[in-house]
Amino acid sequence: MKAVRYSVLAFLALIFVSPLLFMLSTSFKTRAESGRTPPRLVPDNPTLAAYEQVLSAADTPVFRWFLNSMLAATLNSLLVVTTAALAAYALARMEFRGRKLVFGLIVATLFVPPVILIIPNFEIVGRLFWLDTLTAIVVPTAANAFGVFFLRQFFIGLPKELEESAALDGANQWQVFWKIVLPLSRPALATLALLAFLTNWNDFLWPLYVLFSPENQTLQAGLSTLQSANAVRYDLLMTGAVVASVPVLILYVFVQRFIIEGVSRSGIKG
Amino acid sequence: MAATSTSTAKRPEAPPGAPGPRETRRRVNWLPWLFLAPYLLLFGSFVLLPIALGLWISLHSWDFTLPGKPFVGLRNYSELLTPGTGEFERFWNAMQATGIFTAISVPLLIVIPLAVALVMNQRFRGRNLFRALFFAPYVLGVAVVGVVWRFLLDANIGVVNYLAGLVGLPDSTPWLTSIPETWIALIGVTVWWTLGFNAVIFLAGLQDISNDLYEAAKMDGAGAWVRFRHVTLPGLRPVVLFVVMITVIASANMFGQSWIMTRGGPGQETRTAIYYIVDTGLNQRAMGEAAAASWLLTLVLMLTSALLFAFARERGPEKGADR
Numbered sequence: 000m001k002a003v004r005y006s007v008l009a010f011l012a013l014i015f016v017s018p019l020l021f022m023l024s025t026s027f028k029t030r031a032e033s034g035r036t037p038p039r040l041v042p043d044n045p046t047l048a049a050y051e052q053v054l055s056a057a058d059t060p061v062f063r064w065f066l067n068s069m070l071a072a073t074l075n076s077l078l079v080v081t082t083a084a085l086a087a088y089a090l091a092r093m094e095f096r097g098r099k100l101v102f103g104l105i106v107a108t109l110f111v112p113p114v115i116l117i118i119p120n121f122e123i124v125g126r127l128f129w130l131d132t133l134t135a136i137v138v139p140t141a142a143n144a145f146g147v148f149f150l151r152q153f154f155i156g157l158p159k160e161l162e163e164s165a166a167l168d169g170a171n172q173w174q175v176f177w178k179i180v181l182p183l184s185r186p187a188l189a190t191l192a193l194l195a196f197l198t199n200w201n202d203f204l205w206p207l208y209v210l211f212s213p214e215n216q217t218l219q220a221g222l223s224t225l226q227s228a229n230a231v232r233y234d235l236l237m238t239g240a241v242v243a244s245v246p247v248l249i250l251y252v253f254v255q256r257f258i259i260e261g262v263s264r265s266g267i268k269g
Numbered sequence: 000m001a002a003t004s005t006s007t008a009k010r011p012e013a014p015p016g017a018p019g020p021r022e023t024r025r026r027v028n029w030l031p032w033l034f035l036a037p038y039l040l041l042f043g044s045f046v047l048l049p050i051a052l053g054l055w056i057s058l059h060s061w062d063f064t065l066p067g068k069p070f071v072g073l074r075n076y077s078e079l080l081t082p083g084t085g086e087f088e089r090f091w092n093a094m095q096a097t098g099i100f101t102a103i104s105v106p107l108l109i110v111i112p113l114a115v116a117l118v119m120n121q122r123f124r125g126r127n128l129f130r131a132l133f134f135a136p137y138v139l140g141v142a143v144v145g146v147v148w149r150f151l152l153d154a155n156i157g158v159v160n161y162l163a164g165l166v167g168l169p170d171s172t173p174w175l176t177s178i179p180e181t182w183i184a185l186i187g188v189t190v191w192w193t194l195g196f197n198a199v200i201f202l203a204g205l206q207d208i209s210n211d212l213y214e215a216a217k218m219d220g221a222g223a224w225v226r227f228r229h230v231t232l233p234g235l236r237p238v239v240l241f242v243v244m245i246t247v248i249a250s251a252n253m254f255g256q257s258w259i260m261t262r263g264g265p266g267q268e269t270r271t272a273i274y275y276i277v278d279t280g281l282n283q284r285a286m287g288e289a290a291a292a293s294w295l296l297t298l299v300l301m302l303t304s305a306l307l308f309a310f311a312r313e314r315g316p317e318k319g320a321d322r
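Chains A and B are the protein sequences, given in the same order.
Heads up: the first sequence begins at 0 in numbering that gives the first Met the number 0, then just goes up one per residue.
Heads up: the second sequence begins at 0 in numbering that gives the first Met the number 0, then just goes up one per residue.
The shape of chain B in the complex, shown without the other chains (with noise of 0.2 Å):
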């Protein structure tokens, strides 16, 4: 940094009208925010703008149909938080269905991408192949993940009944009308669609671990098992950490499989918080509730990923930080 700043000085064309170079000193530094400027009219207007307008909104009773926008103070918030009233009863049971979602999704996101990351962290023929099979499902987007599976799993005519009975099980299991069935087609689903994503970035963590630790253990008579144990896992911690991270957040904030496979339903026992909010603020145009939603979910995530990281961060010297 330091020689940037000596070369800057030094150099001899200025920026255009500037004095010598004692008065730049002094002067605003301008070159940096022209390099800025787009991004941050951007970042300004569809991110740090809409953070706070948010606020804003969620203090009115705001249709953006209607010309009046009254303000109604914490109305909107208290209206989520009382028991009884319907908006308490909608939003809680969709902060419910996300709640079940990430709850089961996010465990089986990271045990089973990172079984797939073990198998595949080693040199074998077809290795990058495999890596880009698992990973190929993740491009393809929610609306085509989510039209094909719906009618892979259709109760009367899909391939996974039909599969079903050839092997014995049921034939015939309502799985995108009945619970828990549907929740088991989502949370699957949704494996099937990121689970590439995940073990992509848990294989580039293994590699990262450097051989000589294995090697030692091995030395020392360590098996497989204490070897994952005491070499692999210490080592993937960050890694692990952040794989948890993302995927809470994203699991949180399904809706496209919903959306899409069960609109909701049966009744509204999978319509998750997110799909709550756009269609109570974009369908029914109570921005002002939505927008206290949307802020309610958003404490809710960041103290759940606030506990998370706490929580690694005092499990990790036990765990052999010191590698």
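One chain only, chain A, in its complex shape (with noise of 0.2 Å):
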């Protein structure tokens, strides 16, 4: 039954971690062998020659489209926890006329396929003098009503007795919030931090279609440039394919579990 189970796994293991390998490689073969069959896990002769050229080309600037993509996934991902943040605590905590309506619109976009923004929004951003800017990137997608409909669901979890015991030593809402939920609360909005980082870098046909110029790009919107700069130049697109993977994966090394659990978290309340 062990040796079953570990044969298995590892058959898949290898599925998943064999791609990954051979773009690594790729990206260390000379263009000749990279197109060469039977292709080969491990480059005759290991060589930068597609980093240089990666990195050099003016039309296809990968390093600044690393540098935007860090600041935009960023950005956003802040923008996310503090607005989701603030307005989670309000529907959590505090009683208002209209709460059920706001947290029932909010609730029920969840349901709204995105498909239904993309046009009027591309319009919206276009007005604001935003297309072709990051700005595009950073704020629309903002508006992230999981974040809150997640963070509410945790705030109302949380102990009620130490935010009344500070109401009653005299803080103001802002106060508990700010000193008691916001510390409390550390895993579930690195979570969300997280979730937002990679839902941004990840993002592909918004950028695709509001970004233009060549040194706007984010990663994943410049790979297609890429692609299409070079169609069969495969040394190429693994290179790019690696600059726009490493560093996610690296992230990803270190903060693997607070991602799985908050996706895994995601299915049982929702």
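These are computed hints drawn from the structure, not numbers from a lab.
Note that CB positions come from ideal geometry on N, CA and C, so glycine has one too.
For each label pair, taking beta carbons as the anchor points, the in silico distance ranges come out as:
id: 1; chain 1: A; residue 1: A230; chain 2: B; residue 2: P37; range: 38 to 46 Å
id: 2; chain 1: B; residue 1: N92; chain 2: A; residue 2: S212; range: 29 to 37 Å
id: 3; chain 1: B; residue 1: F87; chain 2: A; residue 2: A189; range: 45 to 53 Å
id: 4; chain 1: A; residue 1: L13; chain 2: B; residue 2: P106; range: 20 to 28 Å
id: 5; chain 1: A; residue 1: W173; chain 2: B; residue 2: E313; range: 45 to 53 Å
id: 6; chain 1: A; residue 1: L127; chain 2: B; residue 2: G167; range: 55 to 63 Å
Negatives, chain A to chain B, calculated, CB over 10 Å:
id: 7; residue: T29
id: 8; residue: P42
id: 9; residue: A48
id: 10; residue: Q52
id: 11; residue: A57
id: 12; residue: L161
Take each chain as given, in its own frame, and dock them per the hints.
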């Protein structure tokens, strides 16, 4: 039984790891070798030629794309966590007219397919003169209904006694939120921040259409430019893929527990 | 909740400028709205407004580069719904592509991740490592995944055909240029990409099922299959329903895989509905038609979800909801 399980898992693991290994090894191959068959996992003459070419090409500034993606995803994640935490706290702990309506609207949009937003948001972003700027990548997608829902559930689950005793000691609601609720919610905030970062980092369709200039691309949208420019230069394409994925994979190694637990909790509560 | 409001009333420092406690009652309580304001600004501008604006755009002949945007009533809709027009052909061809992709990928993305989760649902060495490994492709993003698999699936120099040849299968399958191979490739890659995501949710669901139920079933002499059928599946029902819903939505939004791996080809066979929408609205600038198509797609999707939900509820009780 044990042996069966391990062989099934090992086989699966191979299917999951080998594509990434081929990506990595091809990025170190020469142009000629990258198109040679049979494909070999270990390059004959490992070279950084593809990296030099990809990182220095003016029309495909991969390193600039990397910085763009980093900046956009970080700012978006901060915006999501800040706005969602504030809203979720009001919805979880404050009594006011219209609370049910607001929460109902937010939850209802969880079930609205995002496709319906693309065309009108393009129009709106255009009117705001945000086309071809990173603002278009940072701001519109920060209206994250899942974040509010997720944090509200978390806040409701916190023990109320601490907040009540702080209030009795004269803390106002802002202080209760800032000094009691937020510190207690660090794991949930971290999970949401990571999920928002990842979603933004990996977004493809939206940046593909709202960014035009080569220097303004994010990595995901830029990779497709790289692909159009170098249809069968697999050495260059795999180099681009390595640059786009290695930072995320390194981040993932350290934070995978938070991400996975965030995703698994979404199923139970959702 | 009641406790919060009493403590608010007792608190010495009321909101600035507020009169005595009695009047506070009747005043609008601004504090929650201050907390909500930043989020509601985003939510209103980029979720609620666009939903309404999309409907408005769909009633016009709308090109964002032209000043005039004449009102055309329901013409955009009628063109998409009248057989014989070019728009009708293209739109429903794309809807069909989305339908094929969704109908095949969703069952696979339920059964395979569930199987993986069952294998993982025991304590054993390295479990977290495997879990992290299977989840890893999901964090890569569709562009990386698409570009890498396009390389692996290259008909001439790709690793997949090379390995197929080694074990005696055809070694020059045109994975990216011919139907139905293209669908197999797109669906296979999507399964590889998102399997871990669904498996992780299933795994959490499995761990929520009480061990006592399994023990009790064992005492009654239930075998592995009977336990799976009568303990695992009923216990997992809400989680399965949730995963089905999010997977249907995700599959119906398929875009990046086909944009990167096949460019909608061969011909327009793998051009999905969302692909059609952005191409029509943003490349050809027929935003009115694209907005109308978005609304039609959304209606079809919501109807599908509602049907699935109703189906699941109807089949619910007899499947042991008492547990």
